[in-house]
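S.K.: Residues per chain are reported as follows:
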Amino acid sequence: MSRTGIVVFLVVCVLFVVSWVVKAGTGDPEGHYIRDGFLVTFAAFLTLAIMSFMYKDNPYYKFAEHLFVGVSAAYWMCLAFWSTLVGNLVPRISERLSNAFMVPHQPGEYNFFFYIPVILGILLLMRLSPKGGWISRWPLAFIVGTTAGLNFVRYLRSDFINQINSTFLPLAVDWQGFGHFFSNLSLNATGQFVAMFGNCVIFFGVLCGVIYFFFSKEHTGWFGRASRVGIWVLMITFGASFGYTVMGRISLLVGRLTFLLRDWLGIAS
Amino acid sequence: MKRQIPVLLVFAFGVFTLFQFFVPHESSEWVYEFLLDWILIIGVFAMAVGIWSLFRVSVEKIKTRKSGWGYSYITLGSLIAMMVFGFTVRNGEAWGWFFAFVAAIVLAVFLVIQAVIDRGKAYLFAGLAGLCVAAAVVMAALDPAWSIHFQTAEGLQSTMFRAVFDYTLIPIFATMFSLLAFFIASAAYRAFRARNLMATLLLLAALIVMSRFNPFLQPILGEYVAKTSNWLMNVPNMAAQRAIIMGVGLGIAATALKVVLGIERGYMGKG
Amino acid sequence: MRYRPILLFLLILLCFTTALGQEPTDETEGPPDTVVVDSSLLPAPVTNLQARDTEDDNGHSVTLTWDVSTDDGSGRDDVYMYMIYRSMSPEGPFDSVGVAMKGATEHVNSSSKDRAQPDFMPDHTDYYYQVGAVTVGGLITRSDVAGPVQSYGQFFNMGRIPVFVFVVVFCALVVFFVASARKGADLYVRPLAGIEAVDDAIGRATEMGRPILYVLGLGTAEMVATIASFTILGRVAKRVAEYQTKLIVPCYESIVMAVAQEVVKSAYADAGRPDDYDEDSVFFVTSLQFAYVAAVNGIMLRELPATNVYMGKFFAESLLLAETGSIAGSIQIAGTDEIAQIPFFIVACDYTLIGEELYAASAYLGREPILLGSLKAQDLAKAAVVIIALAGLIATTFGWPGFAEALHVEN
Numbered sequence: 045m046s047r048t049g050i051v052v053f054l055v056v057c058v059l060f061v062v063s064w065v066v067k068a069g070t071g072d073p074e075g076h077y078i079r080d081g082f083l084v085t086f087a088a089f090l091t092l093a094i095m096s097f098m099y100k101d102n103p104y105y106k107f108a109e110h111l112f113v114g115v116s117a118a119y120w121m122c123l124a125f126w127s128t129l130v131g132n133l134v135p136r137i138s139e140r141l142s143n144a145f146m147v148p149h150q151p152g153e154y155n156f157f158f159y160i161p162v163i164l165g166i167l168l169l170m171r172l173s174p175k176g177g178w179i180s181r182w183p184l185a186f187i188v189g190t191t192a193g194l195n196f197v198r199y200l201r202s203d204f205i206n207q208i209n210s211t212f213l214p215l216a217v218d219w220q221g222f223g224h225f226f227s228n229l230s231l232n233a234t235g236q237f238v239a240m241f242g243n244c245v246i247f248f249g250v251l252c253g254v255i256y257f258f259f260s261k262e263h264t265g266w267f268g269r270a271s272r273v274g275i276w277v278l279m280i281t282f283g284a285s286f287g288y289t290v291m292g293r294i295s296l297l298v299g300r301l302t303f304l305l306r307d308w309l310g311i312a313s
Numbered sequence: 033m034k035r036q037i038p039v040l041l042v043f044a045f046g047v048f049t050l051f052q053f054f055v056p057h058e059s060s061e062w063v064y065e066f067l068l069d070w071i072l073i074i075g076v077f078a079m080a081v082g083i084w085s086l087f088r089v090s091v092e093k094i095k096t097r098k099s100g101w102g103y104s105y106i107t108l109g110s111l112i113a114m115m116v117f118g119f120t121v122r123n124g125e126a127w128g129w130f131f132a133f134v135a136a137i138v139l140a141v142f143l144v145i146q147a148v149i150d151r152g153k154a155y156l157f158a159g160l161a162g163l164c165v166a167a168a169v170v171m172a173a174l175d176p177a178w179s180i181h182f183q184t185a186e187g188l189q190s191t192m193f194r195a196v197f198d199y200t201l202i203p204i205f206a207t208m209f210s211l212l213a214f215f216i217a218s219a220a221y222r223a224f225r226a227r228n229l230m231a232t233l234l235l236l237a238a239l240i241v242m243s244r245f246n247p248f249l250q251p252i253l254g255e256y257v258a259k260t261s262n263w264l265m266n267v268p269n270m271a272a273q274r275a276i277i278m279g280v281g282l283g284i285a286a287t288a289l290k291v292v293l294g295i296e297r298g299y300m301g302k303g
Numbered sequence: 008m009r010y011r012p013i014l015l016f017l018l019i020l021l022c023f024t025t026a027l028g029q030e031p032t033d034e035t036e037g038p039p040d041t042v043v044v045d046s047s048l049l050p051a052p053v054t055n056l057q058a059r060d061t062e063d064d065n066g067h068s069v070t071l072t073w074d075v076s077t078d079d080g081s082g083r084d085d086v087y088m089y090m091i092y093r094s095m096s097p098e099g100p101f102d103s104v105g106v107a108m109k110g111a112t113e114h115v116n117s118s119s120k121d122r123a124q125p126d127f128m129p130d131h132t133d134y135y136y137q138v139g140a141v142t143v144g145g146l147i148t149r150s151d152v153a154g155p156v157q158s159y160g161q162f163f164n165m166g167r168i169p170v171f172v173f174v175v176v177f178c179a180l181v182v183f184f185v186a187s188a189r190k191g192a193d194l195y196v197r198p199l200a201g202i203e204a205v206d207d208a209i210g211r212a213t214e215m216g217r218p219i220l221y222v223l224g225l226g227t228a229e230m231v232a233t234i235a236s237f238t239i240l241g242r243v244a245k246r247v248a249e250y251q252t253k254l255i256v257p258c259y260e261s262i263v264m265a266v267a268q269e270v271v272k273s274a275y276a277d278a279g280r281p282d283d284y285d286e287d288s289v290f291f292v293t294s295l296q297f298a299y300v301a302a303v304n305g306i307m308l309r310e311l312p313a314t315n316v317y318m319g320k321f322f323a324e325s326l327l328l329a330e331t332g333s334i335a336g337s338i339q340i341a342g343t344d345e346i347a348q349i350p351f352f353i354v355a356c357d358y359t360l361i362g363e364e365l366y367a368a369s370a371y372l373g374r375e376p377i378l379l380g381s382l383k384a385q386d387l388a389k390a391a392v393v394i395i396a397l398a399g400l401i402a403t404t405f406g407w408p409g410f411a412e413a414l415h416v417e418n
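Read top to bottom, the protein sequences are chains A, B and C.
Whatever position you read off the first sequence (first residue = 1), add 44 for the numbering used here.
Whatever position you read off the second sequence (first residue = 1), add 32 for the numbering used here.
Whatever position you read off the third sequence (first residue = 1), add 7 for the numbering used here.
Just to be clear, a hint being listed does not mean it is correct.
Claimed, not checked - Taking beta-carbon pairs under 7 Å as the criterion, some of the chain B residues facing chain C (in silico):
{"hint": "1", "residue": "L72"}
{"hint": "2", "residue": "A78"}
{"hint": "3", "residue": "A286"}
To be verified - The calculated DSSO-like cross-link candidates involving lysine-lysine, where the alpha carbons are at most 27 Å apart (straight line), are:
{"hint": "4", "chain 1": "C", "residue 1": "K190", "chain 2": "B", "residue 2": "K93"}
{"hint": "5", "chain 1": "A", "residue 1": "K100", "chain 2": "B", "residue 2": "K98"}
{"hint": "6", "chain 1": "A", "residue 1": "K106", "chain 2": "B", "residue 2": "K98"}
{"hint": "7", "chain 1": "B", "residue 1": "K153", "chain 2": "A", "residue 2": "K175"}
{"hint": "8", "chain 1": "B", "residue 1": "K95", "chain 2": "C", "residue 2": "K190"}
{"hint": "9", "chain 1": "B", "residue 1": "K34", "chain 2": "B", "residue 2": "K93"}
{"hint": "10", "chain 1": "C", "residue 1": "K272", "chain 2": "C", "residue 2": "K253"}
{"hint": "11", "chain 1": "B", "residue 1": "K95", "chain 2": "B", "residue 2": "K153"}
{"hint": "12", "chain 1": "C", "residue 1": "K272", "chain 2": "A", "residue 2": "K175"}
{"hint": "13", "chain 1": "A", "residue 1": "K175", "chain 2": "B", "residue 2": "K34"}
{"hint": "14", "chain 1": "C", "residue 1": "K190", "chain 2": "B", "residue 2": "K98"}
{"hint": "15", "chain 1": "C", "residue 1": "K253", "chain 2": "B", "residue 2": "K98"}
{"hint": "16", "chain 1": "C", "residue 1": "K190", "chain 2": "A", "residue 2": "K100"}
{"hint": "17", "chain 1": "B", "residue 1": "K95", "chain 2": "C", "residue 2": "K272"}
{"hint": "18", "chain 1": "B", "residue 1": "K98", "chain 2": "B", "residue 2": "K34"}
{"hint": "19", "chain 1": "A", "residue 1": "K106", "chain 2": "B", "residue 2": "K34"}
{"hint": "20", "chain 1": "B", "residue 1": "K259", "chain 2": "C", "residue 2": "K253"}
{"hint": "21", "chain 1": "B", "residue 1": "K34", "chain 2": "C", "residue 2": "K120"}
{"hint": "22", "chain 1": "A", "residue 1": "K100", "chain 2": "B", "residue 2": "K93"}
{"hint": "23", "chain 1": "C", "residue 1": "K190", "chain 2": "A", "residue 2": "K261"}
{"hint": "24", "chain 1": "A", "residue 1": "K106", "chain 2": "B", "residue 2": "K93"}
{"hint": "25", "chain 1": "B", "residue 1": "K93", "chain 2": "A", "residue 2": "K175"}
{"hint": "26", "chain 1": "A", "residue 1": "K106", "chain 2": "C", "residue 2": "K190"}
{"hint": "27", "chain 1": "C", "residue 1": "K253", "chain 2": "A", "residue 2": "K175"}
Unchecked claim - Okay, the calculated beta carbon distance ranges per label pair:
{"hint": "28", "chain 1": "B", "residue 1": "N262", "chain 2": "A", "residue 2": "W178", "range": "54 to 60 Å"}
{"hint": "29", "chain 1": "A", "residue 1": "V162", "chain 2": "C", "residue 2": "G279", "range": "57 to 63 Å"}
{"hint": "30", "chain 1": "A", "residue 1": "Q150", "chain 2": "C", "residue 2": "V176", "range": "51 to 57 Å"}
{"hint": "31", "chain 1": "A", "residue 1": "G299", "chain 2": "B", "residue 2": "N246", "range": "46 to 52 Å"}
{"hint": "32", "chain 1": "A", "residue 1": "G299", "chain 2": "C", "residue 2": "A192", "range": "53 to 59 Å"}
{"hint": "33", "chain 1": "A", "residue 1": "Q150", "chain 2": "C", "residue 2": "R189", "range": "33 to 39 Å"}
{"hint": "34", "chain 1": "B", "residue 1": "W101", "chain 2": "C", "residue 2": "M215", "range": "23 to 29 Å"}
{"hint": "35", "chain 1": "C", "residue 1": "V106", "chain 2": "B", "residue 2": "Q36", "range": "29 to 35 Å"}
{"hint": "36", "chain 1": "B", "residue 1": "N262", "chain 2": "C", "residue 2": "Q251", "range": "50 to 56 Å"}
{"hint": "37", "chain 1": "C", "residue 1": "F127", "chain 2": "A", "residue 2": "G299", "range": "26 to 32 Å"}
{"hint": "38", "chain 1": "A", "residue 1": "G299", "chain 2": "C", "residue 2": "F183", "range": "53 to 59 Å"}
These are calculated hints, taken from the structure and not from any lab test.
We treat Cβ as the ideally placed atom computed from N, Cα and C, and that holds for glycine.
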């Protein structure tokens, strides 16, 4: 470690201890003030460690990153164990195990079927043996097959047929004569001209967009021109979506700054 | 057989779920619900495979003294400690020897790893690991302040499991998320530099929508910007989204069908 | 007082005959002797009550239809809702099982299919229904009894016939084009910049002596975007094996990791270099979104991959990954079907596959005729969209709703 690194490390340690002492001192004397002081300081340290990534990769970020990975992996493991294995499987396969885990037994005529996923799960664990890897393809095939069939029809319905249906828009909207047609020329959607114009843009936008996604035909001539209009419409959409997301992300940053300034340093209300 | 049985399984279950969509009868629904439960249960076993992979890669890093190998101890230590937190519960207000117990378990695992890496001193490290385990067992048996609970999900609600979640996972999670604010700024700058029609269109639309939300620009630009921004979101945006969704729907359907029919086997290592 | 027994007898007789003249009541109406109702205030009952099994469902449900009370929307217009009553006998007792709003002419009485639930309703059992018109003042007039009716599940959902037709046509198209591709038909596919770039990117990585990072996204193994990504990974891994470049595949989910290991291992074997496969090149990180991102970002800055490939399902982390990769100076190729994330990839990556292009990519990379065959089927389906949309536009503009209804899919 370089000299600067050692100095920074010492400064971080001192600041950490000072913060811990101050937070513990100002904590609730009736509660676990030493532990709570440590935890708030630790949370602030981790927040700053992650933010330091914006400057460059550094030991504090690496520490937070590795801690994050270890803790989160174990968190999901525990959660899956208690909620799925103990919560979903145990009550159905054994009364004795249910009693041991203190979960209500759910007797059922066809509960023996729940031994099948256990067997498939064990087959999956065979991956860990050097020669049993091939048998672990069976549970994978079961999962992929089940969901592939499911996805096939569901997406064809929701993303394809229902979307075609929504494209059926009348191009002439409730015609009330030329006077009314030209009297409301703004992007305010109540105007008849704008409503009709909007429907035209949606209809031809969808058509050009679909044409852009043609793979087996060369994009030349009128087809190429329609495809080009299609990609323009897509780009406008991506821009609008980009702009829309920016504000949401900034509010997240404000949330973290509030934690540092209010919860940790106590300098903002 | 090694490849044919999985293909047959995919076909059988794929065709079943495909037809199940059209059969509303109770018996078909019942099998469908069973299958979904099965997938969840298999997922837990898969998680064990995943944790083992994380463990293995971390140990390998330590073993080969790869750059930054020391941090692997943090990953392994936090992984084991969090697992212990998930299976223990405090009985009263005091902590007793709980943290010494956790430290003993973590240390025991580290010593076992060391024994595997340093074959020359394997017996020494294994012996020390045994001592740590013995100490942990004694502490678990004699300390009344906490207990190991393999019963109900109490462990998940135990003080340390929650505390680590609230003060470690949440702050890092939220901070990583908030970094997006900086990244989006640099991404916008990158978009500004791009000089072609596509990038200009993207940027123009982004600027119109962003200026709508800007409290300083709004009074200057008036409500036309808000209306244009609304129009962009409701009209061209809707058209493009529909075109993309239709394409994606077809792509998903075609890929899924190829999987069911055994034409696409990329997921089994045979494309 | 010798007439007293006769008077007592007459009194008992009077009480008895009065009791006989009363209408029988049931529990749901409350004690009858506490309210004296002027029958002229009672609402007119609903008429033409019909009960039938609900169509296209799993059973345990009956659909009722009726003509509204003449005091609903007309007459005294004091009906504000309808009470639905059900019984296992035409004589009752009838239990209240639901309500319908004023003006409603239909109600679906759906009950639980679970025997343990209190509202369980067995199939193939006779049920009788009544509908009570309820006034603002709480007065109820019940209709005639409808029934018996039995609920039962159907074996085909008729409301999904349009989907069924599409499924059959699409299957036929895919099978036809795959078969003709197998026979050697020449299928043109237009070039996709993102796909063409993959080979160059692998070559560049080899020249620079740096690894290639392949990110499968946050999708689970059963998501089709991830399945498409597996196929692309197979192609990339094969080239990587041929060029003897290093590949890094950090995984977000355990099953994804298991499948990805299988894919990469097989690709190395196909490339004739099974011994070069390193099992630790495909590894699990964690299943928490930003923990995964933190780790992958770390890999990008420490291993400095020459090329980053992002293919699959991505969410808010897309920009964090792509920007970090960009800062690290890597060539980046991305593909996702998540519409909200495509803009970030477009801005931060060198090449982006938009939506369906991700699914087409697997066929492109392999240039295998049978995979390209399905692209032709997809294009024909899109041509059908253009034609149907034009027909729909004409039909809607001229006010013919039948066309849109034919394509409408119930539930």
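S.K.: What hint numbers does the structure not satisfy?
M.R.: 1, 4, 7, 8, 9, 14, 16, 18, 19, 20, 21, 26, 29, 30, 31, 33, 35, 37
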